[in-house]
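**Q** Could you build all of it, start to finish, from the sequences and the hints given here?
In the order they appear, the protein sequences are chains D and S. So for the first sequence, the working numbering puts the first residue at 1; every next one is plus one. So for the second sequence, the working numbering puts the first residue at 200; every next one is plus one.
Some hints could be false.
[Stated by the list, open to error] Partial pick of chain D residues on the chain S-facing surface, computed with a CB cut under 10 Å:
id	residue
1	47
2	57
3	82
4	94
5	96
6	100
7	103
8	157
9	192
[Said to hold, decoys possible] Which chain D residues stay away from chain S? Per the calculated CB distances, all over 12 Å, these:
id	residue
10	12
11	65
12	74
13	75
[Stated by the list, open to error] Coverage of chain S stretches by chain D, computed from C-beta distances (three or more under 8 Å per stretch; other residues unrestricted):
id	region
14	308-315
15	430-442
16	481-488
17	559-568
18	578-592
Keep in mind the hints are simulated off the structure, nothing from the lab. A virtual CB, placed ideally from N, CA and C, is assigned to each residue, including glycine.
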Amino acid sequence: MAPSDPRYSLTELADLAGVTPRTVRYYMSQGLLPSPGASGPGAKYDDTHLGRLRLVRRLQREHLPLAEIRQRLAGLDDTAIATLAEAPAAVADPQDSALDYIRRVLGPPQVQPNRHLAMKQLPLRAYSLATEPVTDVPIPNILSVEPAPGRSFERSQWERIPLAPDIELHVRRPLPRPLAKQVDRLVSIARDLLEEDPS
Amino acid sequence: MTTQPAITARADRRLIRPHHRSKRFVLVQVTAPPATRERDRLPVNLAFVLDRSGSMSGQKIELAKQTIAAALEHLDGRDRFSIVVYDDVVDLVVESTPGSPEARRNAVARLDAIDARGSTNLSEGWFRGAEQVATHLAADGVNRCLVLTDGLANKGLTDATELAKHASELRARGVSTTTFGVGADFDEVLLQGMADAGGGHFYFVRDAATIRDHITSEVGETLEIVARDVELEVVAAEDVGVEAISPQPTRPRGSRTVIGLGDLVAEQVIDVVLRITFPYGEIGRETGVIIGLMDRDSVFAAGGRATASDARLSWAYADDAANDAQERDTDVDRAVASQFAARARQEAVRLNRAGDYLSARRILDSTGRRIRAYAGRDPELRELVGELAAEGDTFAAPMPAMALKEAHFASANMARTRDAQGRSLKRRG
Chain D
1 MAPSDPRYSL
11 TELADLAGVT
21 PRTVRYYMSQ
31 GLLPSPGASG
41 PGAKYDDTHL
51 GRLRLVRRLQ
61 REHLPLAEIR
71 QRLAGLDDTA
81 IATLAEAPAA
91 VADPQDSALD
101 YIRRVLGPPQ
111 VQPNRHLAMK
121 QLPLRAYSLA
131 TEPVTDVPIP
141 NILSVEPAPG
151 RSFERSQWER
161 IPLAPDIELH
171 VRRPLPRPLA
181 KQVDRLVSIA
191 RDLLEEDPS
Chain S
200 MTTQPAITAR
210 ADRRLIRPHH
220 RSKRFVLVQV
230 TAPPATRERD
240 RLPVNLAFVL
250 DRSGSMSGQK
260 IELAKQTIAA
270 ALEHLDGRDR
280 FSIVVYDDVV
290 DLVVESTPGS
300 PEARRNAVAR
310 LDAIDARGST
320 NLSEGWFRGA
330 EQVATHLAAD
340 GVNRCLVLTD
350 GLANKGLTDA
360 TELAKHASEL
370 RARGVSTTTF
380 GVGADFDEVL
390 LQGMADAGGG
400 HFYFVRDAAT
410 IRDHITSEVG
420 ETLEIVARDV
430 ELEVVAAEDV
440 GVEAISPQPT
450 RPRGSRTVIG
460 LGDLVAEQVI
470 DVVLRITFPY
480 GEIGRETGVI
490 IGLMDRDSVF
500 AAGGRATASD
510 ARLSWAYADD
520 AANDAQERDT
530 DVDRAVASQF
540 AARARQEAVR
550 LNRAGDYLSA
560 RRILDSTGRR
570 IRAYAGRDPE
580 LRELVGELAA
590 EGDTFAAPMP
600 AMALKEAHFA
610 SANMARTRDA
620 QGRSLKRRG
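**A** The following block contains the structure:
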């Protein structure tokens, strides 16, 4: 998917990078940022400028002198700068196809003698995080508990219950019913407590 | 025809406080472009995955078969379809084939031979259907697996979060998933989760008689899709937090926030509510967000001017007195309240079913109280507060399974800008 190509005014660019317009002009005068195509109040900046500006800020927070920053940036092209500026690392699209994925989960397409058993016994870590796109779907697989010997069909696993954007509760299921009820109450009370509202 | 902007954005308030982590809400409305001519529509590549476990026997399976046969009539040689049925074993009834008249006639004959039996291996039936779609993935088309069930998955993978995870992985690889739950015995959390993560839709099919309506409307919508994989991309300063409180998935892409809207049909309108969290700041300073709209085929970008597909909003830091006195945008307040009410109702359904009636009531009551705090004299918000209070009483006692499913479906549709039957909403006029 082609990224949108926003054009920023000087004020917008400065705001998005957390600096003042004056700082932007200063960086340009110091050769840390290329000038926009046109000049004056109508000048428009793009993502190349934003990426470069954010990277300069990051390096400055690491107390690098401007001369050093200029030197480091000089050896980098726009793509490299965009990659460095976009931390945490940008998410790559999955490398394998849908068909590869399904076959990895299901096994080969031929009819298996006992496919339900095959499915149950598939190690949970087999389809783990190697090429994973980041989603907000909880990922119980990597937290799953291996089945105890002799109870191979009773599988317990950790459920991640999001309570707020930065807080989650981990619960090992299945739980005895009274405890499950208490956990549900806990979740409800915690969410009540943490939920923000527009008041 | 008047030109509708593809994207509009409004904030509930425009001032923020210097010494608080202020939260402000933004209502983003996206309108899909009108239909292309029929001969230019996107090809579809569908798998119909049908539950034929014992509980489906009789009218349900007969109607499901008839409906699939009728839905096939809408396809033609550009399209592909396959049919999978499952109970404890999975059968490929029709291997993925182009939708020629002959292939469709053969498919109907094979459907006739299916009857209901056995238990429910939902996951493998679904994977086999997805496999058929994936084998002939249409790069420029709509690739979707439609799964119909009336019971609890009890064979194969049965864990709701695990299935949602797979749905999201398949989605990322181009295959979306739509689910239909028939009657009172399926698990709506599982089916809704698969559809949400899978970029498709969930339909509650009250009884056998409405199977036809829902499948027909879903197949019809796949034929009307004009923009695939639509996303909002929000650019904000690094210390500004952005998340969707409507149910669309939010994820980071580098320093931006991306909200996935899935595929949109012609003239579909979809509302997204964002919560923006601001850092402390000096009085007088302004800060803003830019909300871009994009899709796999650059349909929105092709609409004309470079500025057509983004919306910009800014806020100013002001003292507490000015913040307290500022105007609110009632339409945004209503959209925010209806999202929080929908969340509370879905949570209340879950709690009521788990037997925790007091918590079910408490979550509805507390949500009602929060809405009342900013409802002012707005009749619509006050009515919502009243509804939540009344529902608190209903949810404080055991409820029949069908009533819980009705409540879940109604609130899920409201949160996703869909009508009571789960159909997309279109631009008015």
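**Q** Checking against the hints above, which ones are violated?
**A** 10, 14 and 18
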